[in-house]
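A.B. asks: In case you want the letters, here they are:
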Amino acid sequence: MRRRLAGYFERKNCWAQDDLADETLNRVARRLEEEGITETEIPAKYCYIVARLVFLEYLRARAKDVTMRDEMMNTKSDAAEEQASRETRDRMLACLEQCAAKLGSADRELILRYYFGTERIKIENRRALAGSLGITINALSIRACRLRDKLENCMREHVGDLK
Amino acid sequence: MNKEEDTDQKLIRYLLGSLSEAETERLDELSVIDSEFAEALGAGEKDLIDGYVRGELTGTVLEQFKSRYLNSPPRLRKVEFAQAFQVFLEEHQKEALTKPALDPAVEGSAFRNSPARNVLKFPGLMAWGLAAAAMVILALVLSYSTGRQPATPRIASFVLSPQTREAGPIRTISVPARTDEVKIDLELEPNDYSTFRVELIDQADNQTVWHSEELTARTTNNVRFASVRFPANLLKTGAYLLRVTGIPTNGPSEVVGDYPFKL
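Chains as they are written, first to last, in this note's numbering: chain A, 709 to 871; chain B, -19 to 243.
Worth flagging that the hints you see were computed from the coordinates, not collected in a lab.
Keep in mind the model is a prediction, meaning the values are calculated, not measured.
Any given hint might turn out to be false.
[Claimed, not checked] Sample of chain B residues facing chain A (criterion: CB under 10 angstroms; computed from the structure): (1) Val12; (2) Glu36; (3) Glu161.
[As the list claims (entries may be wrong)] From chain A, some residues computed to sit far from chain B (all C-beta separations above 12 angstroms): (4) Arg735; (5) Arg739; (6) Glu742; (7) Ala836.
From the three backbone atoms N, C-alpha and C, an ideal C-beta is built for every residue, glycine too.
Please put together the full structure from these sequences, using the hints given.
C.D. replies: Listed below in structure tokens is the structure:
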């Protein structure tokens, strides 16, 4: 649920999407406690309602906070410059190599094969890969996406350590 | 455009922030309450980003991606990662693809096409096959841009005769490097079937590494052929067999020909 909430806030162009997701879950937990409800699973619909409220509050705060607006404008150009930085990319690639080396050989091979090819070939390749593994395309996609997320998170930790 | 394509176009527009407010809110809610929709959205988003990084987006989609998607630091970071990831893939894919194919997770199920799961839980929406939706997004993004022609795949073509007819050593084929697809025309022995299925079997371990959908034969100069196309990266050095099975309208199917070859 936390990931889904963070994804929601990110699509809304909120900066601190993880913090906003935590705020949402905290409010939901508090409300459930107040109501005396013990839930083993957080009611998803209620989470969305609270998330929407948190988002609207964020928008109002952002409108008032000149500093935040200016930072956003500057950050866009800063990020564009950073994106162009070859040094950053080389560092990321080195960290990515280290992270990929930590994957099991089957996982590493899966992700290399999953992202092979372009356009229609990529689609056909994924079907063939799922068939050769004896799993559905759904399961293959989930597995590949989670591996990619794992690589990305690992790479960011490494890059953060290098800075 | 059929209903499914229309729904998937909607998903792309959602990712690019160009849906109506009402539709956006509907999918916002679904992305939070439905974990499978959220997974499909994540997979589709990754494919969209990769499309941008590889220079495959053009026209309206590219403009919208640049103006609406790239306007937040978290998304810029995703694109940064995708760029590094693309370089990593290009450096390592060749090495991975020369290895034998991954082992099937379950013996005997390698060629079973499982139907896409129905993930619809939200009334009023079509069923989302999780990765089917993501893959259609990929195909749609790549065909959505105006005026862009799809790249022509590099195809290596061969003709094989059935084992009973060919005497002597097994046919050896050579697939050039950077071939995208292999096309093989299988000369059929006379039979009464009009519909067939073809399996590609790795003779090293007798595992099926690919199979066709149901296909019909074509006739050229009074000879019937069943034609198949599959990704070239399925083939490694070794011996393979293409097995043709005739599918009747009623009753059990029957193997009508084996076509061994070596790479």
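A.B. asks: So which of those numbered hints doesn't the model satisfy?
C.D. replies: 7
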